[in-house]
Amino acid sequence: MLENIDFTLVNWSRGQFALTAMFHWLFVPLTLGLAYIMAYMETMYVKTGDPEWKRITKFWMKLFGINFAIGVATGIILEFEFGTNWSNYSWFVGDIFGAPLAIEGIMAFFLESTFIAVMFFGWDKVSKRFHLTATWLTAIGASLSAVWILVANAWMQNPVGTFFNPETARNEMTSFWDVFLSETAVNKFVHTITSGFVFAAIFVIGVSSWYLIKNREHLLAKRSIVIASVFGLISSLVLIGTGDSSAKEIVKTQPMKFAAMEALYEGQTNAPLVAFGILGDETDHKNLNADSEADFLFKIEIPSMLSWLAYGDPDRYVAGIKDLIQGNEEQGILSYKEKIIRGHKAQQALRALKEAQKTDPNGEKAAALKAKFRDPEFIENNVQYFGYGNFYHPDPEQIEKNAFTMVPPISMTFYAFHIMVMLGGLFMALFALFLFLVMRNQLHNKKWLLWAAVWTIPLAYIAQQSGWIVAEVGRQPWVIQDLMPTMKAVTQIDVESVMTTFFLFAVVFIGLFIAEARIMIKQIKVGPKKKEDPNNV
Amino acid sequence: MEKLRKIVNFYVTGFQNLPPWGRALWAIILIKLFIMFVVLRLFFFPDQLQNNFESDEERARHVIENITTP
Chain A
1 MLENIDFTLV NWSRGQFALT AMFHWLFVPL TLGLAYIMAY METMYVKTGD PEWKRITKFW
61 MKLFGINFAI GVATGIILEF EFGTNWSNYS WFVGDIFGAP LAIEGIMAFF LESTFIAVMF
121 FGWDKVSKRF HLTATWLTAI GASLSAVWIL VANAWMQNPV GTFFNPETAR NEMTSFWDVF
181 LSETAVNKFV HTITSGFVFA AIFVIGVSSW YLIKNREHLL AKRSIVIASV FGLISSLVLI
241 GTGDSSAKEI VKTQPMKFAA MEALYEGQTN APLVAFGILG DETDHKNLNA DSEADFLFKI
301 EIPSMLSWLA YGDPDRYVAG IKDLIQGNEE QGILSYKEKI IRGHKAQQAL RALKEAQKTD
361 PNGEKAAALK AKFRDPEFIE NNVQYFGYGN FYHPDPEQIE KNAFTMVPPI SMTFYAFHIM
421 VMLGGLFMAL FALFLFLVMR NQLHNKKWLL WAAVWTIPLA YIAQQSGWIV AEVGRQPWVI
481 QDLMPTMKAV TQIDVESVMT TFFLFAVVFI GLFIAEARIM IKQIKVGPKK KEDPNNV
Chain B
1 MEKLRKIVNF YVTGFQNLPP WGRALWAIIL IKLFIMFVVL RLFFFPDQLQ NNFESDEERA
61 RHVIENITTP
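Chains as they are written, first to last, in my numbering: chain A, 1 to 537; chain B, 1 to 70.
In short, the hints are calculated from the structure, not lab data. Wrong hints could be hidden among the right ones.
The calculated BS3-like cross-link candidates involving lysine-lysine, where the alpha carbons are at most 27 Å apart (straight line), are [as the list claims (entries may be wrong)]: (1) 345(A) <-> 372(A); (2) 337(A) <-> 372(A); (3) 222(A) <-> 446(A); (4) 128(A) <-> 32(B); (5) 58(A) <-> 32(B); (6) 6(B) <-> 125(A); (7) 47(A) <-> 128(A); (8) 401(A) <-> 252(A); (9) 128(A) <-> 3(B); (10) 32(B) <-> 522(A); (11) 6(B) <-> 58(A); (12) 529(A) <-> 214(A); (13) 47(A) <-> 125(A); (14) 3(B) <-> 125(A); (15) 370(A) <-> 358(A); (16) 372(A) <-> 358(A); (17) 525(A) <-> 3(B); (18) 530(A) <-> 58(A); (19) 358(A) <-> 345(A); (20) 214(A) <-> 401(A); (21) 337(A) <-> 358(A); (22) 530(A) <-> 47(A).
Covered, in the sense of this in silico footprint (three residues per stretch, anywhere, with C-beta under 8 Å from a C-beta of chain B), are these stretches of chain A [to be verified]: (23) 58 to 71; (24) 84 to 97; (25) 118 to 132; (26) 168 to 174; (27) 486 to 498; (28) 504 to 514; (29) 519 to 528.
Note that beta-carbon positions come from the ideal geometry of N, C-alpha and C, so glycine has one too.
So that you can see chain A by itself, here it is in the shape it has in the complex (with noise of 0.2 Å):
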């Protein structure tokens, strides 16, 4: 039952992996993004042979550099909390983990060894087309090393292409395409690659402004604000575009995470978007049940919009948190309690599998439970509910108490969702109004502008974590959708163990990042090396 579930040890292991990803997050995009703007800022010193291409190529080769530095292996700590800290979880998930987490670390070290030993230290040692390819592949290569991550995390959110073994408790790949090419992998990978564009476009703008503040580098700055200006722009169409792919796809996958992102607690046609909105205290419900309500302070709402959004219609019906708990019959929404009950049964046979097996594995018992796995009724009926059969109780209304329980936190999701939407705007904005201004040669002396680009870097770093707030808190209470709720997923350990580490990765990682603030913040103040030598071009 729910009360004999350790909530401390599962919230202290959900922080610690929030800590660790969240710090992972601070490095990951700007190096998928400056990777792409380095590449073509040499491409146009190759095409070109004017040197300052080279020397503005380089000195945003060294912030990157400085940022891969600071940010490498940082990924691997989450590895090691799989093994240590969600054993449950990483046993259950099987090859759809192993595999591409092998993959993505086998082609990032591939990568940084061999391609960026080049871009670094193969200036005027290899040809300059060798030296392109190199930091070419360099981006290629960090782009493609994030998709297996990334593969592995839309599974989580959309378990598909899989079967589970009952046998070894583990998720067996059946279709590799299906995996890699599920909607929500596709929608995932496009989304966050770009992200991560716009947010390197938003740090090169930053940088260059700051430059034309202190009136130096008019040069480099310009010309970086331009490329990173139309960088950023098309980015941001992607973004859109996938975003709203995501959105329509969660509506279908996820719906209580779309219901979440938008506060929405009754289903309704003609459901409004909600483009603003405060929300109160009591959105957080801490015993939601049937008569609760949302809560706002305030809100701005365009009317219809979330029923286009979601289902390209106006008129379409969008289920609201009560309507997933509580069924919907008329909209063909079935009830959480159904779901636990069937989920149970599930649970059930696996119980009753390991038993028959235990004391007669070649027996008749034995044969039929291992194939009542197989049947595909039993799998859409019983097995996808899997992980609902957690929140079972033998008593029917404690049963209908659980179910409120599984609510992601609203008001998380909502601000995350909503913070992330609003940013991508400005810095859509912004990018369209630098561009305009730069080549119009009217940007450097409005220094209020430069100021705010300079201060839109936090912002970006701001969206990023939005973005994965959204993700990963908006699918709570599950760990992997509608299989594993995350409270399922935690190993039993000490929970001081878990409190112990959650605190040396603090400290680590606050030292961490100083010293990349301090390197990165030096080595902008130092600016690009004063002059190529012509005769090194």
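Given chain A's structure and the hints, the job is docking chain B onto it.
Relative to the frame of chain A, chain B by itself:
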């Protein structure tokens, strides 16, 4: 063999000619890797299922027990 020698020389020369900020970054990388793989991994992040169970069968039974216990 000559090619291998050139590649090794490429890396050696590259590291020898690192600017001060590059050396600082490498120091940070090495310290970081030491903390992660020696301190954290060895002392704080044992693989629970690998270390506490002898066979995959035992691991599966343990996980099933955990994820199906009401």
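Each hint, compared with the structure:
Distance restraint check for residue 345(A) and residue 372(A): the Cα-Cα separation of roughly 11 Å lies within the 27 Å cut-off, and the hinted pair is therefore satisfied. Annotation: proposed proximity of residue 337(A) to residue 372(A) holds, straight-line Cα distance about 23 Å (limit 27 Å). At most 27 Å may separate the alpha-carbon atoms for a hinted pair to count; residue 222(A) and residue 446(A) meet this at roughly 14 Å. For the given pair, residue 128(A) sits about 34 Å from residue 32(B) by alpha-carbon distance, which is inconsistent with the 27 Å threshold.
For the proposed pair residue 58(A) and residue 32(B), the alpha carbon gap of about 26 Å is at most 27 Å, so the pair holds. Between residue 6(B) and residue 125(A) the alpha-carbon distance is near 11 Å, which keeps this suggested pair within the 27 Å criterion. Restraint check for residue 47(A) and residue 128(A): the C-alpha separation of about 10 Å stays at or below 27 Å, so the hint holds. In summary, the hint linking residue 401(A) to residue 252(A) is supported, as the alpha carbons are separated by about 25 Å, within the 27 Å threshold.
Taking the CA atoms of residue 128(A) and residue 3(B), the gap is about 20 Å. The hint holds against a cut of 27 Å. Only pairs whose Cα atoms come within 27 Å are accepted, and residue 32(B) paired with residue 522(A) is accepted, the gap being roughly 21 Å. In summary, the hint linking residue 6(B) to residue 58(A) is supported, as the alpha carbons are separated by about 24 Å, within the 27 Å threshold. Annotation: proposed proximity of residue 529(A) to residue 214(A) holds, straight-line Cα distance about 17 Å (limit 27 Å).
Simply put, residue 47(A) and residue 125(A) have alpha-carbon atoms about 19 Å apart, close enough for the 27 Å limit, and the pair holds. Proposed proximity of residue 3(B) and residue 125(A) is supported: the alpha carbons are some 15 Å apart, at most 27 Å. The hinted pair formed by residue 370(A) and residue 358(A) meets the criterion: a straight-line CA distance of about 14 Å does not exceed 27 Å. In summary, the hint linking residue 372(A) to residue 358(A) is supported, as the alpha carbons are separated by about 18 Å, within the 27 Å threshold.
With a CA separation close to 40 Å, the supplied pair residue 525(A) and residue 3(B) exceeds the 27 Å bound. Taking the CA atoms of residue 530(A) and residue 58(A), the gap is near 12 Å; set against the 27 Å cutoff, the hint holds. With a CA separation close to 20 Å, the supplied pair residue 358(A) and residue 345(A) stays within the 27 Å bound. The straight-line distance between the Cα atoms of residue 214(A) and residue 401(A) is roughly 61 Å, outside the 27 Å bound, and the hint therefore fails.
With a C-alpha separation of about 32 Å, the suggested pair residue 337(A) and residue 358(A) falls outside the 27 Å cut-off, and the hint is violated. For the hint pairing residue 530(A) with residue 47(A), the CA-to-CA distance comes to about 22 Å; that is within 27 Å, so the pair holds. Chain B is given as covering the stretch 58 to 71 of chain A, and this holds because 5 residues of the stretch bring a CB closer than 8 Å to a CB of that chain, at least three being needed. Chain B is given as covering the stretch 84 to 97 of chain A, and this holds because 6 residues of the stretch bring a CB closer than 8 Å to a CB of that chain, at least three being needed.
Restraint check on the stretch 118 to 132 of chain A versus chain B: 4 residues with Cβ-Cβ distances below 8 Å, three needed, restraint holds. A stretch counts as covered by a chain when three or more of its residues have a beta carbon under 8 Å from one of that chain; for the stretch 168 to 174 of chain A and chain B the count is 3, and the coverage holds. Note: the stretch 486 to 498 of chain A has 5 residues with beta-carbon separation from chain B under 8 Å; the three-residue rule is met and the coverage holds. Note: the stretch 504 to 514 of chain A has 3 residues with beta-carbon separation from chain B under 8 Å; the three-residue rule is met and the coverage holds.
Counting residues of the stretch 519 to 528 of chain A whose CB falls under 8 Å from any CB of chain B gives 3; the rule of at least 3 is met.
In summary, the numbered hints that this structure violates are 4, 17, 20, 21.
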